[in-house]
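Participant: Line order of the protein sequences matches chains A and B. First residue of the first sequence: 166, per the numbering used here; consecutive thereafter. First residue of the second sequence: 10, per the numbering used here; consecutive thereafter.
Since the hints were made in silico from the structure, they are not lab data. Possibly wrong hints are sitting among the right ones.
No farther apart than 20 angstroms at their CA atoms in a straight line, the calculated lysine-lysine pairs in the PhoX-like style are these [said to hold, decoys possible]: (1) 286(B) to 178(A); (2) 228(B) to 178(A); (3) 286(B) to 228(B); (4) 228(B) to 278(B); (5) 178(A) to 278(B); (6) 371(B) to 286(B); (7) 218(A) to 178(A).
Some but not every residue of chain B turned toward chain A, in silico, with C-beta under 10 angstroms [as the list claims (entries may be wrong)]: (8) 85; (9) 89; (10) 154; (11) 216; (12) 218; (13) 220; (14) 221; (15) 254; (16) 283; (17) 353; (18) 363.
Every residue, glycine too, gets a C-beta built ideally from N, C-alpha and C.
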Amino acid sequence: MPSIAEFMQGNHKTCDNDFALTEEAALSGDWEAAQSAFGVFSDEMARHFHMEKVQLFPALMAAGGPGGPVQVMLMEHEQINDLLRQLAAALNSRNAQRYAGISETLLIVMQQHNLKEEQILYPIADRLLAKDSAAMLQRMQAA
Amino acid sequence: MNITSLSTDQAPPISVPLRFFAVAPLFLLLAALMLALSDGNLFAAAQTPALLAATHCITLGFMAMVMMGATQQILPVVIGSPVPASRWVAWFTSVPLGAGTLSLCGGFMLGNAHLLNLAWPLLGTAFLVFIVASMLSLWRASARNVTKTAILLSICALAVAVSLGILLVRGFVTGAVLDYAALSAAHISLALGGWVMLLIVGVSYQVVPMFQITPAYPKWLTAVLAPALFAILLLNLALLLIGAEQLWIASAGISFWLLAAGFALVTLKLQRQRRRKVTDATLSFFRLGMLSLLLAALFYLASLLLPAVALQFRLMSAIAFIAGFAMSLIQGMLYKIIPFLVWFHLFRGGINAVKAGIPNMKEVIPDRLMWWHLWLHGGTLLVALLGPWLSAAAWLTALGLLLQGMLLSYAVFTGIVVYRRTLRRIELLAV
Numbered sequence: 166m167p168s169i170a171e172f173m174q175g176n177h178k179t180c181d182n183d184f185a186l187t188e189e190a191a192l193s194g195d196w197e198a199a200q201s202a203f204g205v206f207s208d209e210m211a212r213h214f215h216m217e218k219v220q221l222f223p224a225l226m227a228a229g230g231p232g233g234p235v236q237v238m239l240m241e242h243e244q245i246n247d248l249l250r251q252l253a254a255a256l257n258s259r260n261a262q263r264y265a266g267i268s269e270t271l272l273i274v275m276q277q278h279n280l281k282e283e284q285i286l287y288p289i290a291d292r293l294l295a296k297d298s299a300a301m302l303q304r305m306q307a308a
Numbered sequence: 010m011n012i013t014s015l016s017t018d019q020a021p022p023i024s025v026p027l028r029f030f031a032v033a034p035l036f037l038l039l040a041a042l043m044l045a046l047s048d049g050n051l052f053a054a055a056q057t058p059a060l061l062a063a064t065h066c067i068t069l070g071f072m073a074m075v076m077m078g079a080t081q082q083i084l085p086v087v088i089g090s091p092v093p094a095s096r097w098v099a100w101f102t103s104v105p106l107g108a109g110t111l112s113l114c115g116g117f118m119l120g121n122a123h124l125l126n127l128a129w130p131l132l133g134t135a136f137l138v139f140i141v142a143s144m145l146s147l148w149r150a151s152a153r154n155v156t157k158t159a160i161l162l163s164i165c166a167l168a169v170a171v172s173l174g175i176l177l178v179r180g181f182v183t184g185a186v187l188d189y190a191a192l193s194a195a196h197i198s199l200a201l202g203g204w205v206m207l208l209i210v211g212v213s214y215q216v217v218p219m220f221q222i223t224p225a226y227p228k229w230l231t232a233v234l235a236p237a238l239f240a241i242l243l244l245n246l247a248l249l250l251i252g253a254e255q256l257w258i259a260s261a262g263i264s265f266w267l268l269a270a271g272f273a274l275v276t277l278k279l280q281r282q283r284r285r286k287v288t289d290a291t292l293s294f295f296r297l298g299m300l301s302l303l304l305a306a307l308f309y310l311a312s313l314l315l316p317a318v319a320l321q322f323r324l325m326s327a328i329a330f331i332a333g334f335a336m337s338l339i340q341g342m343l344y345k346i347i348p349f350l351v352w353f354h355l356f357r358g359g360i361n362a363v364k365a366g367i368p369n370m371k372e373v374i375p376d377r378l379m380w381w382h383l384w385l386h387g388g389t390l391l392v393a394l395l396g397p398w399l400s401a402a403a404w405l406t407a408l409g410l411l412l413q414g415m416l417l418s419y420a421v422f423t424g425i426v427v428y429r430r431t432l433r434r435i436e437l438l439a440v
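Bound-form chain A, shown alone (with noise of 0.2 angstroms):
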């Protein structure tokens, strides 16, 4: 069984290869397929934020993790948010060239995010929860 770390780390993956696909995709011209992609990454990106602020965070908290730091990612999550909207209007207007540099900004940000959370955050949480990590994992798959 994965740990905690792990296994939010390879959904970060799956949302890094979905990013990619989709600017991929909408570079090329090839707006259709980059709709599409576009879906399956944003749902991703939607539901990796609701296993993190329903459940993670708050056992985190209770747990008497950082509440700073969970409070930081959230706001990152809410630039992420902004961007990821910026990036679906560049899409909807077909507008590459916007497309190219929201979506450069917002891999910026999402991994810098993501690197913060797997250097320190994720650790903590393996760490505090470390007894029911395998509920926390069924719980998070669930959200």
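Chain B: place on chain A using the hints.
Facilitator: Just chain B now, with coordinates in the frame of chain A:
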């Protein structure tokens, strides 16, 4: 464990990294000037005054300037621990580093002892403040990862390299009897092979997969590479200090370069496996850098195999490493870091920032500037590699550096203007 440090406030104010990035390209202009002012064959020996001055202009004024600014920015993200008192540290590193580099290079060019005597306390202060601040940050960090180890070793190597540099300058001024050849070989190997190489290795572990969505570096590599490189450098230092036979020193050299070449090959392979297929100037800078690292290793081996032209190949190896590997990566990174910092700090303007409209990353520094710079940089590198063989190449190298310094200054300046303009729009909305 300090876990509350993971907050946005741990990112230093934008003025902290930007001052380093704004000043650094000016030293490329100065390096160009020094190359142009030199008379006779610049590459006649490894240590003609003009070459020594121009090299330190690039390694201290440009490379160390950017690397110290970027480290303050990167530590909070990769190890979750900010550099303490970031504004103070920025002042007490950037100013003495800039002033110290100017007096060191002036001292070399003019053969002026007063300038050299002024240089070493200034440079010593800049590096001491930087080393103490970074060590504190590393010591407080909760994260344990391979990047942290590589950065830690890189800073240890820097400490030794700086001490040797000071010893060399002081010896030169006072006329002390020292083994200059051995000490400068150790100084160069720890500064370039230690501080520069290990910092790039540690940062690459994070940013190569991050920018292009590539697989992670293999675990077997990240576990051993940085400690092995560091151990070889220490061994090399010991061999040089005891005056060991060339065979032993060459063995340490070969081991170092084989590992470095391995790192370059693995990085190029990972980049070939990237999921993100769009063209990207930073990626091209990175690939040029890794190819140059391979070339630097080949030139080193050639210098061992062909003793008649060993000096030329040694110089080519150093040029490939400094101009090809380190400068390519540093410039490529700047073109990602500056647009991101501008976006990131403007986004903190909150709802008014969104209303005012924040430029996205591609609206900060135009893509075409980055591509021009890449071609210009590639051209300069080719000409510089001819330098040890063709004395006319020095002039063209100077011209290339001059144009690069101007282009990069313009790019950084553009980023700062975009930031200030947008900030003013946001502030007007807030009134």
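Participant: Are the hints correct? Go through all of them and say.
Facilitator: Hints and how they fare:
{"no.": "1", "hint": "286(B) to 178(A)", "result": "holds, 16 angstroms"}
{"no.": "2", "hint": "228(B) to 178(A)", "result": "holds, 17 angstroms"}
{"no.": "3", "hint": "286(B) to 228(B)", "result": "violated, 25 angstroms"}
{"no.": "4", "hint": "228(B) to 278(B)", "result": "holds, 15 angstroms"}
{"no.": "5", "hint": "178(A) to 278(B)", "result": "holds, 19 angstroms"}
{"no.": "6", "hint": "371(B) to 286(B)", "result": "holds, 17 angstroms"}
{"no.": "7", "hint": "218(A) to 178(A)", "result": "holds, 19 angstroms"}
{"no.": "8", "hint": "85", "result": "holds, 9 angstroms"}
{"no.": "9", "hint": "89", "result": "holds, 4 angstroms"}
{"no.": "10", "hint": "154", "result": "holds, 6 angstroms"}
{"no.": "11", "hint": "216", "result": "holds, 9 angstroms"}
{"no.": "12", "hint": "218", "result": "holds, 9 angstroms"}
{"no.": "13", "hint": "220", "result": "holds, 8 angstroms"}
{"no.": "14", "hint": "221", "result": "holds, 9 angstroms"}
{"no.": "15", "hint": "254", "result": "violated, 45 angstroms"}
{"no.": "16", "hint": "283", "result": "holds, 8 angstroms"}
{"no.": "17", "hint": "353", "result": "holds, 8 angstroms"}
{"no.": "18", "hint": "363", "result": "holds, 7 angstroms"}
Hints 3, 15 from the list above are not met by this structure, while the remaining hints are.
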